[in-house]
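Generate the whole structure from the sequences, applying the supplied hints.
Residue numbers (numbering that gives the first Met the number 0): 0 to 114.
Any given hint could be a false lead.
What the hints assert, rightly or not - Label pairs and their computed distance ranges (CB to CB):
# : residue 1 : residue 2 : range
1 : Gln40     : Pro114    : 29 to 37 Å
2 : Met73     : Asn103    : 16 to 24 Å
3 : Gln40     : Asn89     : 28 to 36 Å
4 : Gln40     : Gly91     : 29 to 37 Å
5 : Pro114    : Asn41     : 28 to 36 Å
6 : Trp70     : Lys93     : 24 to 32 Å
What the hints assert, rightly or not - Lysine to any residue pairs mimicking SDA-like chemistry, simulated, CA-CA at most 25 Å apart:
#  : residue 1 : residue 2
7  : Lys52     : Leu68
8  : Lys93     : Val43
9  : Lys51     : Pro112
10 : Lys93     : Phe77
11 : Lys52     : Pro86
12 : Lys51     : Ala80
13 : Lys51     : Lys93
14 : Lys87     : Asn69
15 : Lys51     : Gly104
16 : Lys52     : Met73
17 : Lys87     : Gln45
18 : Lys51     : Leu85
19 : Lys52     : Asn83
20 : Lys87     : Ala61
21 : Lys93     : Gln40
22 : Lys52     : Trp70
23 : Lys52     : Gly82
24 : Lys51     : Pro81
25 : Lys52     : Thr106
26 : Lys51     : Asn89
27 : Lys52     : Pro114
28 : Lys87     : Thr74
29 : Lys93     : Ser46
30 : Lys52     : Gln40
31 : Lys93     : Ala61
32 : Lys52     : Leu107
33 : Lys51     : Thr97
Everything labelled a hint here was simulated from the structure, so no lab data went into it.
Given the structure is predicted, the values throughout are model-derived calculations rather than measurements.
Heads up, the beta-carbon is just placed ideally off N, CA and C, and yes, glycines get one too.
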Amino acid sequence: MRSYLLCMLSGVLLFSFSAAQAQEMHTMHGMHDMSGHAAMQNPVYQSQGTIKKINPDAISIAHQAIPALNWPPMTMQFAVAPGNQLPKVNVGDKVSFTFSQSENGYTLVSLTPQP
Numbered sequence: 000m001r002s003y004l005l006c007m008l009s010g011v012l013l014f015s016f017s018a019a020q021a022q023e024m025h026t027m028h029g030m031h032d033m034s035g036h037a038a039m040q041n042p043v044y045q046s047q048g049t050i051k052k053i054n055p056d057a058i059s060i061a062h063q064a065i066p067a068l069n070w071p072p073m074t075m076q077f078a079v080a081p082g083n084q085l086p087k088v089n090v091g092d093k094v095s096f097t098f099s100q101s102e103n104g105y106t107l108v109s110l111t112p113q114p
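As structure tokens, then:
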């Protein structure tokens, strides 16, 4: 009887340890997913330019060279993400702006009117 109880106790302890280890591995897997998500975020680039055209979902900007991307000065259309509350600007306004690249092109992150 004593060996039976010892065997049962060992089984319970082994099962408890396995369950705790499985939970820890699951938690660590979730942390791995979070770090991968952060690493997958697109870089943000900064430039200055002049507003050329404004649409509800995009703004065209004639911008300066962007050395980080090896881009010369040019005029480009930048998407405005739904829900992104950019300040009111007009055609001809000088702005400083940040943007990121996505699957659908380039999206404004921020837009700041300049004097």
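When the structure is checked against the list of hints, which entries are broken? Sort them ascending. Going through the list in order, the structure violates hints 6, 14, 21 and 30 and respects the others.
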